[in-house]
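Student: So the chains spell out like this:
There are 2 protein chains.
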Amino acid sequence: MPKGVKMEKYRPKIHFSAEDYIINDPNGLVYYNGEYHLFHQYNINEQIYWGHAVSKDLVHWKRLPKAIAPDKIGQIWSGSAVVDEENQRMVAFFTYSEHETKRQSQGVAFSYDKGRTWEKYSGNPILTDSREDFRDPKVFRYEEKWVMILSGGDCVLLYESKDLIHWNQISSFKGNQESHTGVWECPDLFPMIVETTEEKKWVLTVSVNDGSPAGGTGMQYFVGEFDGQKFIADSNQEKGLWIDYGKDFYAGVTWNHVPKDRRLMIAWADNWQYRDYLPTSPFKGQMSCVRELKLVQKEKKYILKQLPVKEMECLRTNKHEMKNIKMGADEEWTLCDKKEVLELDISYPIEKIHAQTFGIKISTGKNRQFEIVFCKEKQCCFVDRTTAGVNPHDKFAGKYKAPVDFTQEFLTIKLLMDVSQSELFINNGEVVMSNLLFPEDFYKVKLFATGGDLVIEKSIIYEMDEIMKHPLDEA
Amino acid sequence: MPKGVKMEKYRPKIHFSAEDYIINDPNGLVYYNGEYHLFHQYNINEQIYWGHAVSKDLVHWKRLPKAIAPDKIGQIWSGSAVVDEENQRMVAFFTYSEHETKRQSQGVAFSYDKGRTWEKYSGNPILTDSREDFRDPKVFRYEEKWVMILSGGDCVLLYESKDLIHWNQISSFKGNQESHTGVWECPDLFPMIVETTEEKKWVLTVSVNDGSPAGGTGMQYFVGEFDGQKFIADSNQEKGLWIDYGKDFYAGVTWNHVPKDRRLMIAWADNWQYRDYLPTSPFKGQMSCVRELKLVQKEKKYILKQLPVKEMECLRTNKHEMKNIKMGADEEWTLCDKKEVLELDISYPIEKIHAQTFGIKISTGKNRQFEIVFCKEKQCCFVDRTTAGVNPHDKFAGKYKAPVDFTQEFLTIKLLMDVSQSELFINNGEVVMSNLLFPEDFYKVKLFATGGDLVIEKSIIYEMDEIMKHPLDEA
Numbered sequence: 001m002p003k004g005v006k007m008e009k010y011r012p013k014i015h016f017s018a019e020d021y022i023i024n025d026p027n028g029l030v031y032y033n034g035e036y037h038l039f040h041q042y043n044i045n046e047q048i049y050w051g052h053a054v055s056k057d058l059v060h061w062k063r064l065p066k067a068i069a070p071d072k073i074g075q076i077w078s079g080s081a082v083v084d085e086e087n088q089r090m091v092a093f094f095t096y097s098e099h100e101t102k103r104q105s106q107g108v109a110f111s112y113d114k115g116r117t118w119e120k121y122s123g124n125p126i127l128t129d130s131r132e133d134f135r136d137p138k139v140f141r142y143e144e145k146w147v148m149i150l151s152g153g154d155c156v157l158l159y160e161s162k163d164l165i166h167w168n169q170i171s172s173f174k175g176n177q178e179s180h181t182g183v184w185e186c187p188d189l190f191p192m193i194v195e196t197t198e199e200k201k202w203v204l205t206v207s208v209n210d211g212s213p214a215g216g217t218g219m220q221y222f223v224g225e226f227d228g229q230k231f232i233a234d235s236n237q238e239k240g241l242w243i244d245y246g247k248d249f250y251a252g253v254t255w256n257h258v259p260k261d262r263r264l265m266i267a268w269a270d271n272w273q274y275r276d277y278l279p280t281s282p283f284k285g286q287m288s289c290v291r292e293l294k295l296v297q298k299e300k301k302y303i304l305k306q307l308p309v310k311e312m313e314c315l316r317t318n319k320h321e322m323k324n325i326k327m328g329a330d331e332e333w334t335l336c337d338k339k340e341v342l343e344l345d346i347s348y349p350i351e352k353i354h355a356q357t358f359g360i361k362i363s364t365g366k367n368r369q370f371e372i373v374f375c376k377e378k379q380c381c382f383v384d385r386t387t388a389g390v391n392p393h394d395k396f397a398g399k400y401k402a403p404v405d406f407t408q409e410f411l412t413i414k415l416l417m418d419v420s421q422s423e424l425f426i427n428n429g430e431v432v433m434s435n436l437l438f439p440e441d442f443y444k445v446k447l448f449a450t451g452g453d454l455v456i457e458k459s460i461i462y463e464m465d466e467i468m469k470h471p472l473d474e475a
Numbered sequence: 001m002p003k004g005v006k007m008e009k010y011r012p013k014i015h016f017s018a019e020d021y022i023i024n025d026p027n028g029l030v031y032y033n034g035e036y037h038l039f040h041q042y043n044i045n046e047q048i049y050w051g052h053a054v055s056k057d058l059v060h061w062k063r064l065p066k067a068i069a070p071d072k073i074g075q076i077w078s079g080s081a082v083v084d085e086e087n088q089r090m091v092a093f094f095t096y097s098e099h100e101t102k103r104q105s106q107g108v109a110f111s112y113d114k115g116r117t118w119e120k121y122s123g124n125p126i127l128t129d130s131r132e133d134f135r136d137p138k139v140f141r142y143e144e145k146w147v148m149i150l151s152g153g154d155c156v157l158l159y160e161s162k163d164l165i166h167w168n169q170i171s172s173f174k175g176n177q178e179s180h181t182g183v184w185e186c187p188d189l190f191p192m193i194v195e196t197t198e199e200k201k202w203v204l205t206v207s208v209n210d211g212s213p214a215g216g217t218g219m220q221y222f223v224g225e226f227d228g229q230k231f232i233a234d235s236n237q238e239k240g241l242w243i244d245y246g247k248d249f250y251a252g253v254t255w256n257h258v259p260k261d262r263r264l265m266i267a268w269a270d271n272w273q274y275r276d277y278l279p280t281s282p283f284k285g286q287m288s289c290v291r292e293l294k295l296v297q298k299e300k301k302y303i304l305k306q307l308p309v310k311e312m313e314c315l316r317t318n319k320h321e322m323k324n325i326k327m328g329a330d331e332e333w334t335l336c337d338k339k340e341v342l343e344l345d346i347s348y349p350i351e352k353i354h355a356q357t358f359g360i361k362i363s364t365g366k367n368r369q370f371e372i373v374f375c376k377e378k379q380c381c382f383v384d385r386t387t388a389g390v391n392p393h394d395k396f397a398g399k400y401k402a403p404v405d406f407t408q409e410f411l412t413i414k415l416l417m418d419v420s421q422s423e424l425f426i427n428n429g430e431v432v433m434s435n436l437l438f439p440e441d442f443y444k445v446k447l448f449a450t451g452g453d454l455v456i457e458k459s460i461i462y463e464m465d466e467i468m469k470h471p472l473d474e475a
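Chains as they are written, first to last, in full-length UniProt numbering: chain B, 1 to 475; chain L, 1 to 475.
Extracted from the complex, chain B is given alone in its bound form (with noise of 0.2 Å):
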């Protein structure tokens, strides 16, 4: 068996992961000339670099060297990057945890050659303050000027700049008391055009570090009015909506300059409540896959939808499919079996569910079991990963809840099965749940219905290539 093969157990197919060391946060998201980049986090060792990757279609990713790598100053800390058309130009803005101070500050590079070399500005930091916790700048285009929001624990602090070097705060949002379960880092701010209409909203997202409904760390939006100067949640939006149910999402943040005006998130599918236990090796970490964002009335709010961007079909091969079915009651229909990877999208219509419980098992090994199951009486939704496989960590194995609209039609589910990942998708995208999962083995699919009968309106699986077939070759 050739070196390494057996610890690349579980190694995402789908997902982005690094060749090896630890990664965290996505940073300096920005499409530039045909690319996609995606720096993220990347710990070697305790050095704090930005590892990096570009896309051409935002789901094959190639590995670059590492772009930007720790200074006198500090380690490299997260951040985000721009397209400086001017100066012809990134521009890339990261927090230093500074080795001497200690304190949290904001520097600044730059890359004439679309992101593969970086210089650091001369006179970094550029902008520095005296609280605990300062990072995390994401810096967009508003108008005639430059806005960088970033965290500062408690709120988010906002900065406005003609030159990307000198910022001058302009305002600071903070939510309502119960958004505070944790520390809040990684802010994002971007307008967005309610679906169906012509109206243009903003909509501020969190990482929230704690208190999550999964547990640990989790994401929040808050949606509303931004001036150009102050964002103000709408009245019934000041307290945060959690972006994902599952315990894996966390971190995530949207590309500058995407064409069409896309709004594409990713984020980093772990937790820190145990980053550090993952049973894979030589990598540490991996990224959700690419999302576009869509927001939408819906009663009273505004909320976001997010779907894997449509891109990601390219990678559907072998397809298992059921249009209009009826499953009976107590039944229990293996769909497809030794699958490493796959996706799944069922629709089911509600008024013909008379199922107590309904959803899908997923066999991982003897007696191993992922299980998503529907209540439509408690209008919810439960991911179990409980006996899912291996639970690296007392904080890892578990049963995560989620409110499940069952008032429409139809009940959507997409599911992302990677080797080590699942990403439900609950009603296009209303309701997301991301958990990790270390399976025993391959997947075997499975739909059940309990104390009564339902339809499948279509329910389709996809078995998927691999986004890295060669994942040596870093080119």
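Check before you lean on any hint, since a few could be wrong.
As the list claims (entries may be wrong) - Partial selection, computed: residues in chain B whose CB lies under 7 Å from chain L:
| id | residue |
| --- | --- |
| 1 | G224 |
| 2 | H320 |
| 3 | E321 |
| 4 | K323 |
| 5 | K326 |
| 6 | W333 |
| 7 | L335 |
| 8 | C336 |
| 9 | D337 |
None of these hints come from the bench; they were simulated from the model.
We treat Cβ as the ideally placed atom computed from N, Cα and C, and that holds for glycine.
Following the hints, position chain L against chain B.
Tutor: For chain L alone, kept in the frame of chain B given last:
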């Protein structure tokens, strides 16, 4: 409740039935001027007529007034019809069951108005014999003459004629001894091009009154050569092969003059064992679907394949579909329920069949079930209607067996389920099993596999439209 509705409970919806009274053998099958004619034995209080219907598509039938009535010579038993282009008329050949002599003889009638009215030939009967069984003339064109094949009881007799009136015997055919488990009836003889070749063979079919695989009446065929004088079965096909392994497919004959050389057969979906006991009213008897025949070479024999004519696809409505789905061991899946009429098309990759038995269970009421069970190891199929519903006669209940080839890439199944008739076509019609049933409730269709798993390459259930929405409209 409108008069008659209850008693019409078992009226088929995708098969021809007469408005009332008793039907049996199809007669006078001929295509003329855009219409397919279906005459049939029509027993009205023991007076035997030819009933009549026409169709433009072999699917939707328009009932017409009775065509040929019994007369002072005798009852009008089975026969055939041809188009006499030269005289611009249709000519029907039937058997007289003579009142006085009790003998069987052949009569002729002419129609100059597309089969609506008939004049009997004044010189009837045109053909007599001392044989006790001497009936069911099938006339067809052979080069510059006409040929008649008719039953002689333990053989078929062949005659030739130039004018359709004067007939001379040219030969007879008997097959081997094993082919005579009962009296031969309703013969047919027609040429076929062997699929994917240019080879022409002749197929001779007979209905055998007793001793069929499922018991009672059934049909056999022989394949060989016919030179205009004599039919000679190939030496390895002197023993007839069974056309249908079910209990209810009898007196089948084929249409004359069908465009594009298609060979189309229809049969009476019944068995003489219990014709008079069927729990239907005011009609008794129904036809099979119209089947297109193909001749293929398999190992060293030529075998018939039968499938419902493609035209029947126009009846398909709502679709229930699965593709490339694995079914786990000992699973049982309800695919749809509350259906009266449906078509089920399934294909299984044979290599992936690890189940000991598998197939289709159709629930037909409380503790009532119609079962189709395949066994790869035993290379066979069972159709079990023992508990499928009303058993109107002690010879009705039963479990029937057919040999099935499991050496091909796929096992394919096409099943037509009408209100009171099932037609199962295995391996593209290589093996067919047709059986009446009288369910107590609508159909609930389940697939099952025991003792191992299998893959369903494709499963499609179509709900189907009725062919005669207004049975009283005889226009």
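Student: Run every hint past the structure and note whether it holds.
Tutor: Each hint tested on the structure:
no.	hint	verdict
1	G224	46 Å, violated
2	H320	5 Å, holds
3	E321	4 Å, holds
4	K323	4 Å, holds
5	K326	5 Å, holds
6	W333	5 Å, holds
7	L335	5 Å, holds
8	C336	5 Å, holds
9	D337	6 Å, holds
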